[in-house]
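Those protein sequences? They're chains P and S, same order as listed. So that you can map any letter, position 183 of the first sequence is 183 in the numbering used here, and since no number is skipped, the others follow by simple counting. So that you can map any letter, position 178 of the second sequence is 443 in the numbering used here, and since no number is skipped, the others follow by simple counting.
Be aware that one or more of the hints could be misleading.
[Unchecked claim] Cut-off 20 Å, straight-line C-alpha distance, at most; resulting in silico cross-link-like pairs (EDC-like, lysine to aspartate or glutamate):
{"id": "1", "chain 1": "S", "residue 1": "Lys364", "chain 2": "S", "residue 2": "Asp409"}
{"id": "2", "chain 1": "P", "residue 1": "Lys8", "chain 2": "S", "residue 2": "Asp347"}
{"id": "3", "chain 1": "S", "residue 1": "Lys300", "chain 2": "P", "residue 2": "Asp211"}
{"id": "4", "chain 1": "S", "residue 1": "Lys452", "chain 2": "S", "residue 2": "Glu435"}
{"id": "5", "chain 1": "P", "residue 1": "Lys18", "chain 2": "S", "residue 2": "Glu304"}
{"id": "6", "chain 1": "P", "residue 1": "Lys13", "chain 2": "S", "residue 2": "Asp412"}
{"id": "7", "chain 1": "P", "residue 1": "Lys12", "chain 2": "S", "residue 2": "Glu304"}
{"id": "8", "chain 1": "S", "residue 1": "Lys300", "chain 2": "P", "residue 2": "Asp175"}
{"id": "9", "chain 1": "S", "residue 1": "Lys294", "chain 2": "P", "residue 2": "Glu225"}
{"id": "10", "chain 1": "P", "residue 1": "Lys13", "chain 2": "S", "residue 2": "Asp407"}
{"id": "11", "chain 1": "P", "residue 1": "Lys209", "chain 2": "P", "residue 2": "Glu42"}
{"id": "12", "chain 1": "P", "residue 1": "Lys13", "chain 2": "S", "residue 2": "Asp403"}
{"id": "13", "chain 1": "S", "residue 1": "Lys452", "chain 2": "P", "residue 2": "Glu6"}
{"id": "14", "chain 1": "S", "residue 1": "Lys300", "chain 2": "S", "residue 2": "Asp347"}
{"id": "15", "chain 1": "P", "residue 1": "Lys8", "chain 2": "S", "residue 2": "Glu410"}
{"id": "16", "chain 1": "S", "residue 1": "Lys346", "chain 2": "S", "residue 2": "Asp409"}
{"id": "17", "chain 1": "P", "residue 1": "Lys182", "chain 2": "P", "residue 2": "Glu265"}
{"id": "18", "chain 1": "P", "residue 1": "Lys13", "chain 2": "S", "residue 2": "Glu304"}
{"id": "19", "chain 1": "P", "residue 1": "Lys8", "chain 2": "S", "residue 2": "Glu304"}
{"id": "20", "chain 1": "P", "residue 1": "Lys12", "chain 2": "S", "residue 2": "Asp347"}
{"id": "21", "chain 1": "P", "residue 1": "Lys8", "chain 2": "S", "residue 2": "Glu400"}
{"id": "22", "chain 1": "P", "residue 1": "Lys234", "chain 2": "P", "residue 2": "Glu205"}
{"id": "23", "chain 1": "P", "residue 1": "Lys18", "chain 2": "S", "residue 2": "Glu422"}
{"id": "24", "chain 1": "P", "residue 1": "Lys192", "chain 2": "P", "residue 2": "Glu174"}
{"id": "25", "chain 1": "P", "residue 1": "Lys207", "chain 2": "P", "residue 2": "Asp175"}
{"id": "26", "chain 1": "S", "residue 1": "Lys450", "chain 2": "P", "residue 2": "Glu241"}
{"id": "27", "chain 1": "S", "residue 1": "Lys346", "chain 2": "P", "residue 2": "Glu29"}
{"id": "28", "chain 1": "S", "residue 1": "Lys300", "chain 2": "P", "residue 2": "Asp39"}
{"id": "29", "chain 1": "S", "residue 1": "Lys369", "chain 2": "S", "residue 2": "Glu304"}
{"id": "30", "chain 1": "S", "residue 1": "Lys346", "chain 2": "S", "residue 2": "Asp403"}
{"id": "31", "chain 1": "S", "residue 1": "Lys300", "chain 2": "P", "residue 2": "Glu255"}
{"id": "32", "chain 1": "P", "residue 1": "Lys18", "chain 2": "S", "residue 2": "Asp409"}
{"id": "33", "chain 1": "P", "residue 1": "Lys12", "chain 2": "S", "residue 2": "Glu425"}
[As the list claims (entries may be wrong)] Covered stretches of chain P (in silico footprint by chain S; criterion: 3 or more residues with CB under 8 Å from a CB of chain S, positions within the stretch not fixed):
{"id": "34", "segment": "186 to 199"}
{"id": "35", "segment": "207 to 216"}
[Stated by the list, open to error] If we take Cβ atoms under 8 Å as the criterion, some of the chain P residues that face chain S in the derived model are:
{"id": "36", "residue": "Thr7"}
{"id": "37", "residue": "Lys8"}
{"id": "38", "residue": "Tyr10"}
{"id": "39", "residue": "Ser23"}
{"id": "40", "residue": "Arg24"}
None of these hints come from the bench; they were simulated from the model. Glycine included, each C-beta is placed from N, C-alpha and C at the ideal position.
Listed below are the residues making up each chain.
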Amino acid sequence: MNNELETKEYLKKLEHLKLADSSRLRMREDLLAHARFHDVSEISVPKAVPSPFLSFFMRPAPVALVVVLLVGASAFLLDNTKPTEVTIVDETTGPVADTVTEQSSDTSASPQEGIETKSPTIATSAPVSEEEATDDVVAMNVRTKSTPTEESADMASDEMFITTELSAGTWSIEDHSADVAKRIDGLRTIVKKYDAEIAADTKAEFKTKLDTAEALRTESEGREETDARANLDKASVLIGEVESALSLLGEVVVEDGYIVGVNFE
Amino acid sequence: MHHSPVAHTSILPSPSLGVRVRSIYRFMKQEDLEKVFMEAFDAYSDAIFRFCVVKVTDVERAEDMTQEVFTRFWLYVRDGKDIANTRALLYTIANNLAKDWYKKKKSESLDAHLDAGLAPVSRDLSPETFSEYQEVLDAMNDMDERDRQVLYLRFVEGFEPREIAGMLKETSNSISVRLNRAMAKLKQKMHA
């Protein structure tokens with residue numbers, strides 16, 4: 001045990017080994033210079049790494065694909081719906097069919113009475129033959145089937161048009177970038193114009209967001225299209241936050257899609 | 266000029282707390298980050314220097330390595346990376362640098378380096394001053410490099426085996442085995 005203590009004490013001698021003062025001073029100056037040379041401005045935006053699942057769905061192409069599949073699947077399902085699968089058709093066919101059957105089998109009863117008891121909706125109409133009643137049912141089925149299908153098909157084609165336009169990227173990256181720049185400039189002008197009306201901390205927050213958006217836009221210029229679009233999208237979100245905050249402060253005046261003034265009254 | 270260690274008012278998180286300081290660093294201004302950085306340097310530079318001396322057995326090389334450790338540490342601070350324990354992180358960086366240095370040395374000439382043994386002459390450390398530590402370092406010199414650093418971290422810096430295991434990416438068991446082995450070797454040396 002004493003041996004062990006002795007060994008530990010022996011090692012403890014090293015505790016006093018230190019950097020010489022002159023070395024420490026030189027190192028301190030070098031490190032401070034290094035820290036100032038590689039300062040925080042080298043990192044314009046904190047790099048948040050989204051999960052692989054989220055990053056997949058944050059890209060425009062997969063989102064467009066999912067929307068197209070959903071819309072397509074809905075249209076397909078509606079288009080293949082059988083007449084009897086629609087609930088309203090089942091309820092309508094039942095009483096009419098019963099009425100027709102009862103009418104043909106029970107000749108002693110008044111046709112008007114039979115219809116009144118079984119189907120109040122057609123009670124006031126004239127007595128119908130089995131063939132006529134069947135035709136009506138078919139016609140009703142066709143109406144209930146065709147109407148929603150046509151509407152959903154129209155909606156589907158509208159949505160597909162929008163989605164296709166987005167996924168095809170008809171809005172060029174240059175246009176997107178120019179739009180972001182215009183929004184940033186416009187908002188900076190607004191903030192400057194209404195300097196007295198906007199609180200200092202809000203202005204500081206706006207400035208940070210707009211600076212970050214500007215940095216993202218500038219960074220996007222030298223990047224590949226997918227990354228550049230992602231950068232511009234992030235910038236748009238930040239700008240949108242500023243626009244949204246402005247609209248809460250007062251009534252915003254919008255021209256050609258850009259905020260040109262705020263009425264604080 | 267002497268720089269005192271970290272004052273009580275330090276904004277440097279206590280290493281024992283294991284506090285995640287990512288959010289703090291991330292939103293600090295340059296001058297505050299510099300303050301944190303310099304506080305870390307003042308608090309841990311001697312310990313890192315000692316660790317490097319034990320690792321590379323060369324005072325000048327240890328000084329350069331200490332500077333490199335803090336250069337890399339600055340990037341952690343500046344980038345707002347997740348730092349759970351500043352002290353442990355510095356040792357981990359130093360350990361990785363030493364590994365690189367060993368690899369490089371091996372490819373050059375390990376034998377030549379080992380033959381040369383310790384290099385006691387430093388820019389600022391006289392041979393007389395260094396001789397005080399020379400004996401201990403010599404005794405540790407022919408130990409396995411990893412045994413040597415475990416011995417140092419445990420008995421000079423006072424880390425627990427569990428903490429050393431975290432820094433060196435080994436299990437606590439293997440650290441304990443290394444400690445026993447290194448202690449036995451050192452005793453033999455001392456009583457030879």
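Taking the hints in turn, this is what the structure says about them:
no., hint, result
1, S:Lys364 x S:Asp409, "13 Å, holds"
2, P:Lys8 x S:Asp347, "35 Å, violated"
3, S:Lys300 x P:Asp211, "25 Å, violated"
4, S:Lys452 x S:Glu435, "24 Å, violated"
5, P:Lys18 x S:Glu304, "17 Å, holds"
6, P:Lys13 x S:Asp412, "18 Å, holds"
7, P:Lys12 x S:Glu304, "25 Å, violated"
8, S:Lys300 x P:Asp175, "44 Å, violated"
9, S:Lys294 x P:Glu225, "32 Å, violated"
10, P:Lys13 x S:Asp407, "18 Å, holds"
11, P:Lys209 x P:Glu42, "17 Å, holds"
12, P:Lys13 x S:Asp403, "13 Å, holds"
13, S:Lys452 x P:Glu6, "9 Å, holds"
14, S:Lys300 x S:Asp347, "18 Å, holds"
15, P:Lys8 x S:Glu410, "18 Å, holds"
16, S:Lys346 x S:Asp409, "33 Å, violated"
17, P:Lys182 x P:Glu265, "26 Å, violated"
18, P:Lys13 x S:Glu304, "25 Å, violated"
19, P:Lys8 x S:Glu304, "29 Å, violated"
20, P:Lys12 x S:Asp347, "32 Å, violated"
21, P:Lys8 x S:Glu400, "14 Å, holds"
22, P:Lys234 x P:Glu205, "16 Å, holds"
23, P:Lys18 x S:Glu422, "13 Å, holds"
24, P:Lys192 x P:Glu174, "27 Å, violated"
25, P:Lys207 x P:Asp175, "23 Å, violated"
26, S:Lys450 x P:Glu241, "66 Å, violated"
27, S:Lys346 x P:Glu29, "24 Å, violated"
28, S:Lys300 x P:Asp39, "13 Å, holds"
29, S:Lys369 x S:Glu304, "32 Å, violated"
30, S:Lys346 x S:Asp403, "38 Å, violated"
31, S:Lys300 x P:Glu255, "48 Å, violated"
32, P:Lys18 x S:Asp409, "23 Å, violated"
33, P:Lys12 x S:Glu425, "16 Å, holds"
34, 186 to 199, "violated (count 0)"
35, 207 to 216, "violated (count 0)"
36, Thr7, "5 Å, holds"
37, Lys8, "5 Å, holds"
38, Tyr10, "6 Å, holds"
39, Ser23, "5 Å, holds"
40, Arg24, "6 Å, holds"
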